[in-house]
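> Listed below, chain by chain, are the residues.
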Amino acid sequence: MLAQNVIFAAIALAMAAAALRVVTTKNIVHAALYLVVVLAGVAALYILLAAEFTAVVQVLVYIGAIVVLFLFGIMLTRAPIGVTSDLDNNQRGLAVVVSLFLFGVLGAVLNDAYGSTKLASDNVIQKSADVGNSIFQDYVIPFEIISILLLAALIGAVVIARRD
Amino acid sequence: MYLNQFLLLAAFLFCVGVYGVLARKNGVLVLMSVELILNAVNVNLVAFGAFHNTVVGQVFALFVIAIAAAEVGVGLAIVLLIYRNKQSIDLSEVDLMKG
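For the record, the sequence lines run as chains A and B.
Just so we're aligned, residue 2 is where the first sequence starts under this note's numbering, counting upward by one.
Just so we're aligned, residue 829 is where the second sequence starts under this note's numbering, counting upward by one.
This is chain A alone, in the form it adopts within the complex (with noise of 0.2 angstroms):
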């Protein structure tokens, strides 16, 4: 029990801090960096929660495939690749002051909710076998649309970014 909140706190200020470095920082390939730490961060949080597919499928697709997007994009948009202080607009401050206002807003309603409720001790192994039955049986005409959602995305990609 004490293991798993050490490894939380330590998993939730890296995550933290990295998220806010994503944000802030002034160099466009560190923070594609840094996101590969908020990922992998989200993927350690999942197996923490005992979901160990979706921990697989989150570092398959977010780390494998959209952070290498990313860098794609970056490099295909010629982007300064050193420190430049260009990338953020005029309206910080009011950005801080409206997620700030959020965060305080979600945290005291979740206080409010869910101050003091506890995960079972005990957390079952959630198996990929028992994710797949339930994408295959409950959930198969959702899974369909998704496939046709993904073909609709890839040939909508492919005439967008098509030079004629």
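Among the hints, erroneous ones may be present.
In silico DSS-like links for lysine-lysine, alpha-carbon gap of 25 angstroms or less [to be verified]:
| id | chain 1 | residue 1 | chain 2 | residue 2 |
| --- | --- | --- | --- | --- |
| 1 | B | K853 | B | K914 |
| 2 | B | K926 | B | K914 |
| 3 | B | K853 | A | K27 |
| 4 | A | K27 | B | K926 |
| 5 | B | K853 | B | K926 |
FYI, nobody ran anything at the bench for these hints, they're computed from the structure.
Mind docking chain B on chain A? Use the hints.
Below, chain B alone, put in the same frame as chain A:
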């Protein structure tokens, strides 16, 4: 472990993502902030799934991951198109529809 620690961390990630979307003007960085927001939601889904001891939370998180992949693909294609037309991905210059 309390359920709340996961929910509060997810709320923090969400708010950081909101700040990024509002304060960044580079198109790629805005998309990264959107990814932070989507990940925060996924943490919530999986945490509630573990709390209720069901796999449905994971199933929804997987759907969100698939949609996030599609979103990044189309989003980066749009950013590339903006770059090709304007030689810059400064979103404050993309104001064709401003009244």
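> Would you mind marking each hint as holding or not holding in the structure?
So, going through the hints one by one against the coordinates:
1. B:K853 / B:K914: 14 angstroms, holds
2. B:K926 / B:K914: 16 angstroms, holds
3. B:K853 / A:K27: 12 angstroms, holds
4. A:K27 / B:K926: Roughly 28 angstroms between the alpha carbons, so the hint for K27 of chain A and K926 of chain B is violated.
5. B:K853 / B:K926: 16 angstroms, holds
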